[in-house]
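**Student:** Each chain is listed here by its residues.
Number of protein chains: 2
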Amino acid sequence: MFDWSGWEESVSFAASLMEELRVATTIDSRICRPSYGEGEQTAHDLFVRYGKALGLETRVDPVGNLHLTLAGADRKARRWLTGSHLDAVPDGGNFDGAVGVVAGMTVAHALRQANIMLPADFTVIAFRAEEGSSWFRGEHKSHFGSRALLGQLSRKEMNDAVSIVNGKTLWQLIRDAGFNPDVIDAGRSCLDAKSVQGFLEVHIEQGPILVYRGAPIGIVSGIRGTLRARDCRSTGAYAHSGAVPCEYRRDALFAAVELAGRLESKWHKWLEEGRDVVCTMGRFFTDPSRHSLTKVPGEVQFTIDIRSQEESLLREARDYLLETASVISGERGVDLDLGSLDMVAPSLMSRELQEKLAAHADALGIPAVPIASGAGHDTSSFIAAGIPSAMIFVRNEHGSHNPDEHMEMKDFSQAARILAGFILDQKPD
Amino acid sequence: MFDWSGWEESVSFAASLMEELRVATTIDSRICRPSYGEGEQTAHDLFVRYGKALGLETRVDPVGNLHLTLAGADRKARRWLTGSHLDAVPDGGNFDGAVGVVAGMTVAHALRQANIMLPADFTVIAFRAEEGSSWFRGEHKSHFGSRALLGQLSRKEMNDAVSIVNGKTLWQLIRDAGFNPDVIDAGRSCLDAKSVQGFLEVHIEQGPILVYRGAPIGIVSGIRGTLRARDCRSTGAYAHSGAVPCEYRRDALFAAVELAGRLESKWHKWLEEGRDVVCTMGRFFTDPSRHSLTKVPGEVQFTIDIRSQEESLLREARDYLLETASVISGERGVDLDLGSLDMVAPSLMSRELQEKLAAHADALGIPAVPIASGAGHDTSSFIAAGIPSAMIFVRNEHGSHNPDEHMEMKDFSQAARILAGFILDQKPD
Chain U
13 MFDWSGWEES
23 VSFAASLMEE
33 LRVATTIDSR
43 ICRPSYGEGE
53 QTAHDLFVRY
63 GKALGLETRV
73 DPVGNLHLTL
83 AGADRKARRW
93 LTGSHLDAVP
103 DGGNFDGAVG
113 VVAGMTVAHA
123 LRQANIMLPA
133 DFTVIAFRAE
143 EGSSWFRGEH
153 KSHFGSRALL
163 GQLSRKEMND
173 AVSIVNGKTL
183 WQLIRDAGFN
193 PDVIDAGRSC
203 LDAKSVQGFL
213 EVHIEQGPIL
223 VYRGAPIGIV
233 SGIRGTLRAR
243 DCRSTGAYAH
253 SGAVPCEYRR
263 DALFAAVELA
273 GRLESKWHKW
283 LEEGRDVVCT
293 MGRFFTDPSR
303 HSLTKVPGEV
313 QFTIDIRSQE
323 ESLLREARDY
333 LLETASVISG
343 ERGVDLDLGS
353 LDMVAPSLMS
363 RELQEKLAAH
373 ADALGIPAVP
383 IASGAGHDTS
393 SFIAAGIPSA
403 MIFVRNEHGS
413 HNPDEHMEMK
423 DFSQAARILA
433 GFILDQKPD
Chain E
13 MFDWSGWEES
23 VSFAASLMEE
33 LRVATTIDSR
43 ICRPSYGEGE
53 QTAHDLFVRY
63 GKALGLETRV
73 DPVGNLHLTL
83 AGADRKARRW
93 LTGSHLDAVP
103 DGGNFDGAVG
113 VVAGMTVAHA
123 LRQANIMLPA
133 DFTVIAFRAE
143 EGSSWFRGEH
153 KSHFGSRALL
163 GQLSRKEMND
173 AVSIVNGKTL
183 WQLIRDAGFN
193 PDVIDAGRSC
203 LDAKSVQGFL
213 EVHIEQGPIL
223 VYRGAPIGIV
233 SGIRGTLRAR
243 DCRSTGAYAH
253 SGAVPCEYRR
263 DALFAAVELA
273 GRLESKWHKW
283 LEEGRDVVCT
293 MGRFFTDPSR
303 HSLTKVPGEV
313 QFTIDIRSQE
323 ESLLREARDY
333 LLETASVISG
343 ERGVDLDLGS
353 LDMVAPSLMS
363 RELQEKLAAH
373 ADALGIPAVP
383 IASGAGHDTS
393 SFIAAGIPSA
403 MIFVRNEHGS
413 HNPDEHMEMK
423 DFSQAARILA
433 GFILDQKPD
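Chain order of the listed sequences is U and E. Note that my numbering has the first sequence beginning at 13, numbered continuously upward. Note that my numbering has the second sequence beginning at 13, numbered continuously upward.
Worth flagging that the hints you see were computed from the coordinates, not collected in a lab. The structure displayed is predicted, hence computed values, not measured ones. You may find that some hints are simply not true.
Note that identical chains are pooled: a pair holds if it fits in a single copy or bridges any two copies.
[What the hints assert, rightly or not] Straight-line C-alpha distance at most 27 Å; calculated DSSO-like pairs for lysine-lysine:
| hint | residue 1 | residue 2 |
| --- | --- | --- |
| 1 | Lys-88 | Lys-278 |
| 2 | Lys-278 | Lys-307 |
| 3 | Lys-307 | Lys-281 |
| 4 | Lys-307 | Lys-206 |
| 5 | Lys-180 | Lys-278 |
| 6 | Lys-281 | Lys-153 |
| 7 | Lys-153 | Lys-88 |
| 8 | Lys-168 | Lys-439 |
| 9 | Lys-439 | Lys-88 |
| 10 | Lys-439 | Lys-307 |
| 11 | Lys-206 | Lys-153 |
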């Protein structure tokens, strides 16, 4: 049995590391860690320094992901990986991403303090550029660091993704940062999947579920897939709000409202059937340059974002939306165009790993509940590569992607303990 | 019987007047006749000149309305009034308003040509500033010229209405234009209602009903009253579109959508009951500075404009909206605030005058259908003053308040003929 008496010291180490990271990457009271920007590099430098102090082997791969390895007894045995990203969205918080790297470092610290040698290597990875959706425009799938590592990032995508900060392509930024984008391409993995037992990622929850349920920890069941329509448009005809009777109107608003109302009803029906799904129409607006109190709206633009762990539900949703839009268009003489409906499949966590993590939480007396992830993570890249993976969520007040995200170190400690318990429990291959 | 053989000459006179007006008030290819602005004054000067040429008595009242009178046999007998306004909305057309003044001039022209003396005076009025809603911000009820004439414009309102062109108050503009705003106040009419038999206004239709029905002329039954909410707001909470499940959301959009959907259903129910009503939500939008594809909307702003000839329906609509908003707010934990719900009562045309105008149309073989007016007109001021009033609508392509409004002189001729027939038919008091 592992002696947990030194654990609080490792948690203090984690707290110092988090705080030093916050101070080093704050500009004008805001966290500033753009993907492939200065703040992200500062964070990587900090983890190199801490890693070396812990006696970890440090390696930087061709796109700049940092690999910190605690050597095991058999250097050739299949190893466990953990980690997350060090970049952060604009005006984000200190925890989204970084917590997962710090959790790995905390486990390494505890093992070092206890003079324990694992049967195989244990590697903590700090990924680059997970927040690509916020920092890059153009056609791309974000999560650049982990996807590059696993041979999922194409050259085309590196040229299509353009920084919103300076207009450079991802390829240019990787090269300018001193790395080697030319060895990266789709199908060319930098990681030998056979050398790996699995991947685990600790991350703050990005929603309020753990707060509402009063649980510090969530064991993630899967990452919801998405069905997204970014450019929907209802086009009718502008008309005088008093002088044009109902039968001569082609009201773009009431048509879009009918679609929205039907989607919400369908959503509630899915939920009654016990299915996992969330539906959002985040943008929904009449044309500010033409609308007025006294005009029948001639145009409405809107977006749709549907997420589910069930790929079949996303397909069903797509069919439902297209069918419903077509019926409404026909009945109202309004053109309801949903534009392109893009689907990303869900990523399911390894059931075996979920069960093991839950068992460790249970053994350690830590309340942990199953939870779905609504947002994407680097773990998706590992699942796509066929590597058994799982995630541990830490309770977080105020959601993520904003400066108010807030994690208690007490909750963090529980997540890192589950990770430590799991890593300690591994037998040689 | 009146000899109509010279009528076409009077219509040619009308066409020249309309064309001269268009040319004189066009700047950079756009009609420019702001209320109490230069273009409106140019129009008034033109009508003074044409009036004098026809031998009409010209008088300008304290707010600048122009009164052109064809003297009758008994100068003290109760007279008929007709007319409309000469200002136009920004980027509007040549017909909205002016057509009603030209129709009166056309009748005067025909009477002069035929050397007919009416038993009483016949006065054509060109009103000022009917389009106040477009040219003045602040709390006011527009239709300034006719309301000032009839003692319905208060001093407070003249100070509250502020020009969007130069920031001057209505009071200042009236004074700067050389008139005398100080004699104007609510309750102080400049017109002796007892000296008047009634008021008739010819106006282009502002909607498409006559075009769709294939009728050149509409006999107006009433001006719809309005129930307006200019500043409605649905306030929920912004949240992550993937990470926050349904039960923890307070989605401002779906709440506003439910209200909109229910209002539309209620509207259709009213129509099935045969009631006169139109419902519009002209502005409806998530916050452009905060909304995104991946955020549950935390705020939606919208407007409501309901119009009906039945005052009871407008009251019913107000109760329905308040009740429904309250129910939705309670069920969804979203604050649906409709702000101030302002009601303007409908103005009903004299039934006797409607019947007489319809009979004249019939006798002249002119297809005329009953029609409701969705927009307000100077006639409302006369109805509010207890003066028997009626309106004749002329078919118009493309709606009004835009540069594409289009009236055929052939249709105009029919409206002016009905007016002439009616005026000729009047017996001495």
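**Student:** Next, verify each hint and record whether it holds.
**Tutor:** Okay, the hints, checked on the actual structure:
1. Lys-88 with Lys-278: Result: close neither inside a copy nor across copies, 52 Å intra and 73 Å inter.
2. Lys-278 with Lys-307: between (31 Å within a copy, 20 Å between copies)
3. Lys-307 with Lys-281: between (35 Å within a copy, 22 Å between copies)
4. Lys-307 with Lys-206: Result: close neither inside a copy nor across copies, 64 Å intra and 39 Å inter.
5. Lys-180 with Lys-278: Classified as neither: same-chain Cα gap 42 Å, cross-chain 54 Å, threshold 27 Å.
6. Lys-281 with Lys-153: neither (31 Å within a copy, 48 Å between copies)
7. Lys-153 with Lys-88: Answer is neither: 33 Å inside a copy and 85 Å across each miss the 27 Å cutoff.
8. Lys-168 with Lys-439: neither (42 Å within a copy, 88 Å between copies)
9. Lys-439 with Lys-88: within (14 Å within a copy, 116 Å between copies)
10. Lys-439 with Lys-307: Neither. Shortest intra-copy (72 Å) and inter-copy (44 Å) distances fail the 27 Å Cα cut-off.
11. Lys-206 with Lys-153: Answer is within: at 25 Å inside a copy they meet the 27 Å cutoff, but 79 Å across does not.
When held up to the earlier numbered hints, the structure conflicts with 1, 4, 5, 6, 7, 8 and 10 and fits the remainder.
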